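Enquirer: Sequence:
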Amino acid sequence: MKRPRQHIIETKSKKRFEALVPDTWVARELNADYGLDYLIEIFKDNNSTGHLFFVQLKGTDNDVVNDTISYQLSLDNIEYWSTIINPVLLVFYSSKYNNFWAVWTNEMKKNLLPKKENQ
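One point on numbering: in the numbering used here, the residue at position 23 of the sequence shown is 14, and numbering is uninterrupted.
Please keep in mind that the hints were generated in silico from the structure rather than gathered at the bench. Small disclaimer: the values here were computed from a predicted structure and weren't measured. Ideal placement from N, C-alpha and C gives every residue a C-beta, glycine not left out. It is possible that part of the hints are untrue.
Mimicking DSS-like on lysine-lysine, the simulated pairs with C-alpha atoms at most 25 Å apart in a straight line are [stated by the list, open to error]:
#1 K(-7) x K35
#2 K5 x K35
#3 K101 x K35
#4 K87 x K(-7)
#5 K87 x K49
Beta-carbon label-pair distances, calculated as ranges [to be verified]:
#6 T40 x Q(-3): 32 to 42 Å
#7 H42 x T74: 14 to 24 Å
#8 A23 x Q(-3): 14 to 24 Å
#9 K(-7) x P13: 17 to 27 Å
#10 K35 x Q(-3): 32 to 42 Å
#11 Q(-3) x D36: 18 to 28 Å
#12 R(-4) x G41: 37 to 47 Å
#13 N22 x T74: 34 to 44 Å
#14 R19 x A93: 13 to 23 Å
#15 V55 x K100: 20 to 30 Å
#16 F34 x K(-7): 38 to 48 Å
#17 L66 x L21: 15 to 25 Å
The task is simple: from the sequences and hints, build the whole structure.
Expert: The structure is reproduced here in structure tokens:
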């Protein structure tokens, strides 16, 4: 049986992402992936700060041009992230360049969805 390239990229992106999370924080991988991959809990001085945020991790082999990664997102996902109370960090991983880019999804709906009719 052949393992699809996208599964390899996903495994690689998870390993690299988890290595970025500070050892003092807790990264909980969410097994049922419905648009969120991790719940991150921030600790300071070994105590929980009560601050939590979600991460959606996207891995790709796409080219990077001018330090910018191109990735097509579903409008349904953007709508979904806007309904979540805790912040959502959308993290892109380039397996080609072993690099990350991230954006908070808070403003995505406001900035992108009004353009929906033109897409």
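Enquirer: Each hint: holds or not?
Expert: Evaluated hints:
no., hint, result
1, K(-7) x K35, "violated (44 Å)"
2, K5 x K35, "holds (24 Å)"
3, K101 x K35, "violated (32 Å)"
4, K87 x K(-7), "holds (21 Å)"
5, K87 x K49, "holds (13 Å)"
6, T40 x Q(-3): 32 to 42 Å, "holds (35 Å)"
7, H42 x T74: 14 to 24 Å, "holds (20 Å)"
8, A23 x Q(-3): 14 to 24 Å, "holds (18 Å)"
9, K(-7) x P13: 17 to 27 Å, "violated (37 Å)"
10, K35 x Q(-3): 32 to 42 Å, "holds (36 Å)"
11, Q(-3) x D36: 18 to 28 Å, "violated (40 Å)"
12, R(-4) x G41: 37 to 47 Å, "holds (40 Å)"
13, N22 x T74: 34 to 44 Å, "violated (21 Å)"
14, R19 x A93: 13 to 23 Å, "holds (18 Å)"
15, V55 x K100: 20 to 30 Å, "holds (26 Å)"
16, F34 x K(-7): 38 to 48 Å, "holds (41 Å)"
17, L66 x L21: 15 to 25 Å, "holds (22 Å)"
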